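**Student:** Use these hints to put chain B onto chain A, whose structure you have.
If you want the building blocks of each chain, they are given just below.
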Amino acid sequence: MGKNSNKKRKQKEAASRKQDTTADAETEVENKVETNVDDAAKVESASDDEGKGEVAAEADPETDADSDSDDEIAERKVTLPTPAATGPGAGNFVSDGRYRNKCRLLTLSSRGASPAQRHLLADLRILLPHSRKEQKLDLGRRGSSGSLADALREIAEIRRCDAVMYLEGRKRGRDGYLHLGVLPNGPSIKFGLLNVHTMDQLKMTGNCLQGSRPLLSFDPAFGDAAGHGGRPPQEPFLGLVRSMFVRIFGTPRGHPKSKPFVDRVMAFYYADSKIWVRNYQISQEAVTDAKEARSEALLRPYAEAGSKTSLVEIGPRFVLDPIRIFGGVFAGPTLYKNSKYVGPNEQRADMKRVKGDRFVRRQEAREGKRLRREATVMPEDPLGDVFR
Amino acid sequence: PRYKMSKKNKKQKQKQKVTKPSVTPPTPPPPPDLDEVDEAMTEEVAPPADHDDLVEDNGTSSEEDDEVEDDDDSQDGEHIESIRDIVVDDEDDEDADGEFAKEARALRKAIAEGAFDKVAMGGKGVLKQSGEENDEGEDEEEDAEEEESLMVSQQKPSDGINNVAAIRAASASLDFGLPFPETFDVTAAGSSSGLDARPEDGGLAPVHDDLKREVAFYNLALSAVHEGRGHCEKYEIPFDRPVDFYAEMVKTDAHMAKVKDRLIFESKKIDAFEKRKAGKEQKLRAKETQSNKTREKAMQRKDNLRAVDQYAKDVASRRIPGVVRDDDDDDFRNKGPNKKRVAMDRKYGFGGKKGRFKKTNKKDLADMSNYNERGNFGGIGTKTNHKKGNKRPGKRARDAARK
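Quick mapping for you: the protein sequence lines, in order, are chains A and B.
Per this note's numbering: the first sequence = residues 1 to 388.
Per this note's numbering: the second sequence = residues 1 to 403.
Treat the hints with care, as some may be off.
As the list claims (entries may be wrong) - Listed next, the in silico SDA-like pairs over lysine to any residue satisfying Cα-Cα at most 25 Å (straight line): (1) K102(B) with E113(B); (2) K274(A) with A225(A); (3) K257(A) with D240(B); (4) K340(A) with M249(B); (5) K274(A) with V215(B).
Worth flagging that the hints you see were computed from the coordinates, not collected in a lab.
Note that the structure is a prediction, hence the values are computed from the model and not measured.
For reference, chain A alone in the conformation it holds in the complex:
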């Protein structure tokens, strides 16, 4: 920590603080809503997005990974969690069924969320026993800290939570965003929330134990499990997303509210540049004939014969469109920005533009027709005068 001089450290602090605000400003500008007066000033700084991004890029390769973490510590004045003797970070972690991997998840929504979004959050709270419920977050009311990052951090610190899931609804529920973040320094991700179907839909007939630990299934695109080597993910950020999901959507072992058997599998897939989420119930049925028995035996040579595994969807189901990954807690340098992401405002504008083009095309066609009419000279009809 003594490596850097004070001057350099202060410069970096200033840079990081600027990065915090630009990150927020980018999100505000993306949504084209001016809620806070402060943001008017921040909008201007959004234009130097490239510059700030490059600063972030410079910062990292410039110094080694170790000193980077030191700098981060210096900037944010927060100590990295030193792995405790029997904590999860330790090499001698013992997994004996007791609650050691402690994780508390804060779940809250914004004020303008639609009923579907609120029900989705309620469903997720039921499925995640390590979640803590918090009241709706109204950024306008919170006079002291105007930014989302500060607000969430504050609430999380009050409730002593390690991770945050914030469901934001804008335009009175038309657009939804899901923010996932890990405290104290961890990265955070912002997703666009699409195609939400909640559990009350009667087409989803599955049911499972409340609090049972889910099996987290990942698409091959996410690569192999972290720490187990093997294939890398299709995109580098997917590895980070996977770790985040394991932290947030996985129930810690031995949690007091968790139940013993494995009833549910929560499946994540990566397709069409988006992340699809499904929940299935694992159900065992008696095998109906010898053919099925044989195929089951091939799939599960170790299990008892005569039963067939099948999946029934429980719900909820939704699609996450990755927008950005921040290095800090809903703030900080942008680690990943999705170039393929199109915001809902832009989508709507595009659709309207298509409609507008129709009018323009029609006008052009009329103009063209008029010109053609004038330009063409019809030859005289020799028999035109025959009939009156």
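**Tutor:** Showing chain B alone in chain A's frame:
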């Protein structure tokens, strides 16, 4: 344009009314020539701020997006003298008040002629035109992508940030290297889900086909479940829930009852539909088969009778009078008319017995065999002993027997 014209007129009218006492009303403008349309219109028409009314909806507004967008310009704090100003009068264009009607008509005509095309296209259309032309040239080859690009905006040259080193560092900070029992983290089998692969024949990738997508999801999840079960076996974590393990479930019993009802309803619907379909089919065939059956029956009956007659003929042809063969059936011999029939005929039919029953003859007249000289009959009240006497049948019977 008509509606917007009326609003414009209203605004102008209101402005006129406000300034009436101080300023003399302007003389109505001369009807503008078609050639001079542009200049005339730009002079007469309201200040540039109102041009937006004519331009197609450009989407941006100074009001907050959160509020409901409605075209309530008229209420924008303008001086309202009387209720008539507030009431939307669409007859503005057609009323006898000629000063603005003429203008309106001329303006409408001008628009139809195309005087404001530049304005209409100038905002966004011009730029879009060039962009569209470029894209059209490219997109001719890939029609399928054009479908998709209608949903998603045309790819602006947007930048992405991908700080791989920082991402790796961040994910490393998240992973504590926990073993499987803690994470329950499983990867599905296969090298890729195959959902993004577009088929060579063209068409959309399987992601966009709901059924294919869900089937692929199901299979991937199932493979992950099998793998997870294997891991759990290794770590001796109980996997299967016993049937008698009762605990609170994620969905309430009431909810599951509704689900069950719905399933029953759907299965009934399917059954009814299939029944109806099968019934229709059956109806089509039923008449055909029935007619076939009756025809067959009739044919059979005919054949049977014919066969019987044929056999009788054969038997008769083989019969030699006076010789009784073994296979000669009495049944096929001519029996003549029925005996009963004959008896009835004699009694009642063919004029009966010709009615001349009571006709005597010489012989019976002179018959004295029953004459009793003594003449001691019993008298009235005495019985005659039928048993001693000669039991003779009555006259009618005797006559019938005679003939």
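**Student:** Each hint needs a verdict: does it hold in this structure or not?
**Tutor:** Results for each hint:
Annotation: proposed proximity of K102(B) to E113(B) holds, straight-line Cα distance about 16 Å (limit 25 Å). Proposed proximity of K274(A) and A225(A) is supported: the alpha carbons are some 19 Å apart, at most 25 Å. A distance of roughly 19 Å separates the Cα atoms of K257(A) and D240(B); the hinted pair therefore holds under the 25 Å criterion. A C-alpha spacing of about 40 Å is found between K340(A) and M249(B), which places the hinted pair above 25 Å, so the restraint is violated.
Restraint check for K274(A) and V215(B): satisfied, since their Cα atoms lie roughly 18 Å apart, inside the 25 Å limit.
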